[in-house]
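So the protein sequences, as listed, match chains A and B.
85 is the number that this note's numbering gives to position 85 of the first sequence; each next residue is one higher, with no gaps.
Just add 247 to the spot in the second sequence (first one is 1) and you have this note's numbering.
Hints should not be assumed to be uniformly reliable.
No more than 25 Å apart at the CA atoms, straight line, and that leaves these computed lysine to any residue pairs for SDA-like [to be verified]:
1. K159/A with L247/A
2. K201/A with G450/B
3. K12/A with Q457/B
4. K461/B with R29/A
5. K159/A with I233/A
6. K514/B with R436/B
7. K202/A with E306/B
8. K444/B with P84/A
9. K461/B with T16/A
10. K188/A with T229/A
11. K201/A with S292/B
12. K12/A with D407/B
13. K444/B with A518/B
14. K601/B with A518/B
15. K461/B with G129/A
16. K461/B with K540/B
17. K540/B with D407/B
18. K201/A with E306/B
Over the 10 Å line for every Cβ pair with chain A, so calculated as not near, a few chain B residues [what the hints assert, rightly or not]:
19. I256
20. I309
21. G317
22. S319
23. D467
24. L478
25. A479
26. A544
27. A548
28. D576
29. E593
Don't read these hints as lab results, they were simulated from the structure.
Every residue gets a Cβ at the ideal spot worked out from N, C-alpha and C, and that includes glycine.
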Amino acid sequence: MKQVFTRPESLKDVSTHFCPGCHHGSVHRLVADALDAFGIRSQTIGVASVGCSVFLYGYFDVDVIEAPHGRAPAVATGAKRARPDRIIFTYQGDGDLAAIGMSEIIHAANRGEDITVIFVNNTTYGMTGGQMAPTTLPGQKTSTSPYGRDTSKDGSPFKMAELLSNLDGVAFSARVALNSPKNVLNAKKMINTAFRYQVEKKGFSFVEALASCPTNWGMSPLDANQRVTDEMIPYFPLGIFKNTAQL
Amino acid sequence: MSTNPLEKIFVKGNEAVAMGAIEAGCRCYFGYPITPQSDIPEYLSRELPLLGGEFIQAESEIGAINMLLGASATGVRAMTSSSGPGISLKQEGISYMAGSELPGVIVDVMRAGPGLGGIDASQADYWQATRGGGHGGYRIIVLAPSSVQEMYDLTMLAFDLSDIWRIPAMVLADSVIGQMKESVTPNPRPETVLPAKEWVVRGREDGEPQNVVKSLYLGDGEMEKFHWKMLARYQELAEKECRWEEVQTSDAELIVTAFGSTARIAKTAVAMAREAGIKVGLMRPITLFPFPKKTYAALSARCKHFLAIELSTGQMIDDVRLSVARDADVDFYGRPPGAGSLPTPEELFEQIKKNYRARA
């Protein structure tokens, strides 16, 4: 029998700590697929962030630097400038990238650093127990917005893929989802394109992945998948917002 | 600029730091403008690109220290510099570097504080520098230059010590040393035997172990083990790397102790006192961490009277008191940082006379 689905070489053969139904595992898989597809695993350095994504080094079979909360794009900048021959990617959640790390991501993007940023947006702080994130949807209840996000006081969710696409330094910016086979296939394509930008030295690439967090949303994995369709995608539309090299 | 290492050049202290960094092989610099150290990024923004290096004016001090973290993790020599308010912002990154056992050089050209303070001479960041500065309990190597020549030499030394011990190293200067011009001999980089950096992130080839630069220790007992390991390293560092300068201490009945710019003023005052027949000496710590405790202990076995002089209300004096014999007295003359706080040699001479008589 022909084996058609195997573990990517760039992922270790271990179980993850992710909760049932969480999309982090899918994003990990797609990033690893891209590293395998380009044959760049041995040249890659990952930059882990703080949150559920901190254990990157436990799952990816690549060298990893663990960055302070929000600082992954600055750490990646230092690593890439020191080793321009390496493939450097950051993997960050919404609290990390769009709250405490907003300055670092904006400036790394604006400098056009030749790095790839994978941004996992699940509208909540997963690791710390489901607090309000910069991408928490209007009215969404979290452990620190028990009456729902009040945009008159908390502001509105950041649309990072669109925001970054306005910067001249950004070469590629896209938003994907992982809640259906069709969306996963498209996400795979977009993440591949993002890494292609770096492989071909064509500039800063960014992929925002809408992800579920069934545990902190208080939903079953299937209901959480449905929420991505019903609530997240209408607010955070999927698509390519910038593709300078038309890759 | 002369390229003949034997030929003296006349440069600012901050420029000497930048030149020392280049001679030490530093090709990555990340910084943010702040007085009184902006000559360092200005010099390196001009020179590093010519050497194939990288200069980034970062978005913030936080950005700069994390770029240093990322560059150091790949094994290259890299540096950042700042002054008080910026050094405070860097503390998060310094803590992560210490936790990740990463080398890297941080230059603090101290200015007056707290808060925005002022741009005048200060030594009030002594505690922040020598106690680690950030969270979690750690130490960094701290070197205190008191001349433009030492700005050059100690910057090179900072790179070597940091690489050897896998501890971030700080050059703790002040605005006087940073801004003054003196002649400097641009010594060649010392031929130090450095350990191979087997821990760097470099891309994992088949069969090679995965390298991870991290400070997260969640396993049972891992974090505790790390702390004991680092304590042992700090103790070995203290055994092997303490540096200091003594002036006429052998027969001194009063030993003045000061570091950085204050020490050079004190040196003149000590010479004036000697001419006046006062038996006074100077003990100048060059490494503030590790602090040369044993030297103080040895000096205080004979001389029971010390006078600590600082541009603060007293910080280094804590370490002096912890180091000297129990029956030794440590007096203090401090000038809190700010405009007009820099004492003249004559003022220190008067202070020495006062303390000398009081204990005679």
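Checked hints:
1. K159/A with L247/A: Within the cut-off at roughly 23 Å; holds.
2. K201/A with G450/B: holds (17 Å)
3. K12/A with Q457/B: holds (11 Å)
4. K461/B with R29/A: holds (22 Å)
5. K159/A with I233/A: holds (11 Å)
6. K514/B with R436/B: Violated: K514/B and R436/B sit about 28 Å apart, past 25 Å.
7. K202/A with E306/B: Judged against 25 Å, a Cα distance of about 23 Å means the pair holds.
8. K444/B with P84/A: holds (19 Å)
9. K461/B with T16/A: holds (19 Å)
10. K188/A with T229/A: This hinted pair holds, its Cα atoms lying about 18 Å apart.
11. K201/A with S292/B: Judged against 25 Å, a Cα distance of about 24 Å means the pair holds.
12. K12/A with D407/B: It is violated: about 36 Å lies between the C-alpha atoms, which goes past 25 Å.
13. K444/B with A518/B: violated (46 Å)
14. K601/B with A518/B: Distance ~16 Å between K601/B and A518/B Cα, so the pair holds.
15. K461/B with G129/A: holds (23 Å)
16. K461/B with K540/B: At roughly 32 Å apart (the allowed maximum being 25 Å), K540/B and K461/B break the hint.
17. K540/B with D407/B: Holds, at roughly 22 Å.
18. K201/A with E306/B: Since the Cα atoms of K201/A and E306/B sit roughly 23 Å apart, the hinted pair holds (cutoff 25 Å).
19. I256: Holds: least Cβ distance 29 Å, greater than 10 Å.
20. I309: Non-interface label on I309/B violated, nearest chain A Cβ at 7 Å vs cutoff 10 Å.
21. G317: violated (3 Å)
22. S319: violated (8 Å)
23. D467: The assertion about D467/B holds, with a minimum of 16 Å to chain A.
24. L478: Non-interface label stands for L478/B: nearest chain A Cβ at 23 Å, farther than 10 Å.
25. A479: A479/B is indeed farther than 10 Å from all Cβ atoms of chain A, at 24 Å.
26. A544: holds (39 Å)
27. A548: Non-interface label stands for A548/B: nearest chain A Cβ at 45 Å, farther than 10 Å.
28. D576: Answer for D576/B: holds, closest chain A Cβ roughly 44 Å.
29. E593: Nearest chain A Cβ is 48 Å from E593/B, so the label holds.
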